[in-house]
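Chain A is fixed; fit chains B, C and D onto it per the hints.
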Amino acid sequence: MITITHYLVLSAILFMLGVVGVLIRRNAIVIFMCIELMLNAVNISFVAFAYHLHSMQGQMFVFFTMTVAAAEAAVGLAIIVAVFRNKETVNIDDMNIMKW
Amino acid sequence: MESYLFYIVGTIAVLAAVYLIFERNPVFCALYLIQTMVCIAVLYILLEAQFIAAVQMIVYAGAIMVLFLFVIMLLNIKGDEESKRSFPFRKIPAILMGIGLLTVICIILKSKLLQGKQDVYTVAHIESLGNTQLIGNLLFTDYLLPFEITSILLFVAAIGAIMLAKRKL
Amino acid sequence: MLNLISLVLLFPLIGTAINGLIGKKLRKETVGYIACGAIGMSFFVAILVFFGLLQLPPESRVFEKQLFNWIESGSFKAAAGLQVDPLSSLMILIITGVGFLIHIYSIGYMHHDKGYHRYFCYLNLFTFSMLLLVLGNNFLLMFIGWEAVGLCSYLLIGFWFEKKSASDAAKKAFIVNRVGDFGFALGIMLIFITFDTIDFTGVFHAASQGNIAVGSFTVTIITLLLFMGATGKSAQIPLYTWLPDAMEGPTPVSALIHAATMVTAGVYMIARCNVLFMLSPFTMTVVACIGAATALFAASIGLVQNDIKRVLAYSTVSQLGYMFLACGVGAFTAGVFHLMTHAFFKALLFLGSGSVIHALSGEQDMRKMGGLKKHIPITYRTFLVGTVAIAGIPPFAGFFSKDEILLEAFVRGNFIYWAVGALAALFTAFYMFRLLIMTFHGKSRVDHHAMEHLHESPKNMTVPLKILAVLALLGGFLGIPGASAINGFLSPVFGEHGHVETHGAEACGSHAACLPYLMMVISTGIAIAGIYLAYLMYIKSPELPKKLAERFSLIYKLLLNKYYIDEIYDALFVNPIKKISLLLWKRVDAQLIDGTVNGVAGFVRGFGSVLRLSQTGYVRNYAFYIVAGCIFIIVFVVFGK
Amino acid sequence: MTFNILSILPILVLAGFGMLVLVVDVMSARKLGEKNLLAYLSLAGIVIAAIVSRNSTATTLFSFNETFTIDNYALFFNILFLLSTGLVILISHSYIKREDINHGEYYALLMFSTIGMMLMASGADLLNIFIGLEVMSISIYILTGFKRSKLISNEASLKYFLLGAFATGFLLYGISLVYGTTGTIDLRQIASFVAGKGGVKDPLLLMGMGLIIVGLGFKVASVPFHAWVPDVYEGAPTAVTAFMSVGPKAAAFAAFMRIFLTAFGSSHYEWQKAIWILAVLTMTVGNVVAISQTNIKRMLAYSSIAHAGYLLVALVAANNMGVSGTLFYLLAYIFMNIGAFAIVIVLSQKGDVGMNIDDYAGLGFKHPMLAIAMTLFMFSMAGIPPMAGFVGKFYIFSAAIKSGYVGLAIIGVINSVISVYYYLRITVIMYMKEPVRDFHPLTISPLIVVAIAIAVVGTLHLGIFPSKVMEIAQRSILTLR
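Chains as they are written, first to last, in the working numbering: chain A, 1 to 100; chain B, 1 to 169; chain C, 1 to 641; chain D, 1 to 481.
Worth flagging that the hints you see were computed from the coordinates, not collected in a lab.
Check before you lean on any hint, since a few could be wrong.
[Stated by the list, open to error] Straight-line Cα separation of at most 16 angstroms, EDC-like style, residue types lysine to aspartate or glutamate; simulated pairs: (1) K433(D) <-> D168(C); (2) K91(B) <-> D93(A); (3) K350(D) <-> D438(D).
[To be verified] Here chain B is said to cover these stretches of chain A; the calculated rule only asks that three of the stretch's residues, wherever they fall, bring their Cβ under 8 angstroms from a Cβ of chain B: (4) 29 to 40; (5) 47 to 53; (6) 73 to 82.
Positions of the beta carbon are idealized from the N, C-alpha and C atoms, including for glycine.
If we strip away everything but chain A, and leave its shape as in the complex, we get:
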């Protein structure tokens, strides 16, 4: 029998993988993908909770999260393109003009 806890654990694992990805990757686009993975993980828990609570709010929230993710993707990729134009790289380890 699959309970809500199963979904929450799956969501937690995916969230954690996203976090680890952000921490270890250097390619800005891949880091961004990892962030998308985190959002997806959260969405699972939203929908699972909604199912569990017989509520629609969770599903609605996911709908809006996806919209936000789409907007973020547009802007984020535009930023990455802008950076690439000037720097010819998307490796975030090369981006530390500002420090200390």
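For chains B, C and D alone, coordinates are given in the frame of chain A:
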């Protein structure tokens, strides 16, 4: 049946996510992410959220990830990101941190779940109306304001994309 | 007439505004007239207010004038209002009176300075702030005045900021004062929490109603915090180090701010809060001990300084110590009395030294003076009056006030307070006459260049000197034992405990009636002994000090270097904070965390990579902090019970 | 079902003017030349929005199925946001011309970002607050990267974006857990649910709360979620830095207080301790590291971190005095901080040259008025009376003592003593060093002068006559719980 499906799909999702964070080639990364997203869409169907599942496929796995792929192709990024500075154990602390986070969350999940307020949208109720119709109704009643504000959000995103990425203004 | 009180504040503010905004375009004379006129009018109003107050019956001599509601939130109200009572009216007389003389003096002294209008703008602003400090009817307003005088002091010490020592001294004064202010601010907050008001009337009324037990923890903390503020502003141990350095400012500034008025703010504050301080015997002991210790300590440093202004600076610290000693034993009247006489003779001494420096074209080292008696006679004579007054020879002002403090210390405190005070008095008499002798007597050691320009100061500098000399001569009679005018005048503020000479006499038994007179004789003797020592060493056998210095070279060095206090402070506090900041910035931020993330490899790659590891600005590290913080918060919120 | 369009009128006005600016920009691209019209148009939008929000209502009003509130609290913040955006438009005008980024999109994005902030302050459920936060953040990501040809601006934008999206993930996770354990995203329903259970005891709900602290802590720049602040502040166009140091911070605090006082107000014991630690860390790190900075924008960045710490102190206190003190402090902070940035803009040259603290040497002689204004702002931030910053700090620390957090208040006061060191350093350099460079050409225009004048008047007025504003602030927080 359902539980088998959950385990199979869940495992694939996790495996794809693991590949995502260790794969070097960004194109493959994007494909792995799409794979995870498809699996998640299957889970949504299991959770009686058909509309969300469809949107997940069309918008997320479809549109957004295609945008990612498009940018990767556009910039012609190679998989050599680790070339200059790669230390053998660099990733260890980050992975430990992740495992720590997961452990904490799982310990918390082990405790008995607080039962929140139950709403009226039982599976039967949703099926009687249809998931999509219900969401449509809610969007134009209860969630009208955020729905409208989203238009500003997308507008801003469009302006931003043009501002930042257009070659010549 | 009492309603005029806001004018006292208004005039200096107008002066500041005019000189600050258009002073650059005005002629020098006009600037001077405006500034002096503002303070003069203010002084005039202060006299009117004083007489207005005298017309009231003694017990109802309190007048409050509400200006507007300043801060208001729920139960908490702080109105900006002015309070006139005997204590504040005495203070405004001193501030505007002495301030007026010093303004006039400054016209001559600062004549050649290119920042003339700036100087008078600051000086007027200072007078305004000081008046605000003493006239405010609540702690917050007092605190504003308190901070504002600190700010003006900062501006005036650093007036000649081209000199690095001056701007350093200014910075030091400001920061040391902030340490004290920190205590004061906390004290005010605690008062607000305890009494639910910050009005003087409300707080003191509540405190005197017996709501608060004598010696209770709260009131002890409050008073200790207030005292911390006072040590900062009034240059007591351990926060006195800024005052000697403050002598980098123009001399009239030293006279006004760092001798006569601002540094007495701490004494005023404690006298104002006497009701609170009387509730905490422990704090009173601390105040008395710090006061006595400072009096002795600073006097001992004063013994060997060679810079004329530095001697006076340490003397000021020492005299302030006396005032705190008086307050600490509960003799607030004596403290305020000494505050007043000290304002007279210390202003006189500083202005006199300014006249000397002016005459010698800026020379401040006493070893390059001597024999000036015949060249600048008026300065010499007035200076002599000041020196005698501070040394404590009857019937000069310093004698009465210092004698009263010593007496109170003996009667209400204990023998040790008296002994320390008396020893400090001996030192005082010694170093003051040493200063006098080295400057005005003996053979001239002035170099030829300065000798050519040697001249007596102009009229607008000598007249204030003469007036102050008269005050230093006669000021003491306000507080003659037995028929003390100041005592009667201040008694509504200090109530029962302000001045208890008679109580003390009773406590000492039958033959205590002669104690005051015995004391007078002893303190006169001490003063004369000090003067004789100075005479012996610097006139009779001038080689003696050198021999002594050689024999006791360690002590001499210790004294000359002011016990190395500044160095210790630097080593203990200033440097560590700088280092911690650098450490956090460069090491922890850049190396430690990055190093952990990058793992053991950093060690393997040796020094070369250490340099590279020190470069952060990596998103990855920042994300790492976020995750670490997140785990911490979750664990803390969920399991941290 | 209430669809009171009037309740979102300020948002509609801003959105309308934002689009109008874009259209005008495109339609008359060649004719406008200097593009002054755009600035005036946006200012008109801000003013009209302010008038409209003042007139909307005096009583609490819920609309859009109770997901949107117009109460005094929201009104106060609306005015606050409009004021900060208005001031930023004033100071931007000459700056964006100088840096060749004079596009209509700049003003439009400022206004859209303000819409997001308003939604954050008015949202009565977590969804609206979240959407508001995203509208605000995404606009600022773009504004940060607005100097697209400059690598430093690109880099700041990328850093801010990646970390911001990362933090959003945590915030969302927190919201989902709160939703899952309470069954609702409506703040007042969460409140009644939590109160019904006798406070938050459930670990999952507590974890949700913790994650929301992380997400919002990132936006208010609290340590250890602060690391983006110095880099992004340094890299962003200076006018944008001014913008993001006030508006978004205020908005994040608005949401912070709304969520934690309305929804979790009945069990503040659980979250206060965590925020206690954050407050201490934030104040201390901000102030201590600020001492060693040489670039004025970075210094102001660390100072802004430190100020977030002071504001968190008020949040810990969580009493009426503290919350109204926060409102007051945020208003005061708008004046003094935008004022300081305005002067930084005036004194820098094309390409953001002249950002070192040493470049300010001798300003006191060359431009006494600017130096006096800068001194005023620095003193106000350091908390020296009678400037606005002092009154704000006084309220906040008194509130902490009142709630029994004496230790926290002491740490706060110690920190404000430390802060004097670096604020004073600027004054010292301005007045006590010989000029090392020529300040010409100044980036000055009538608009920026107006902005500085408003900031000076505001800083002094709030310091000398704070009671009126404080009264309003106190009335504004009554609906919070």
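Query raised in the report: Where does the structure disagree with the numbered hints, that is, which hint numbers, in rising order?
Result: No hint contradicted; all consistent.
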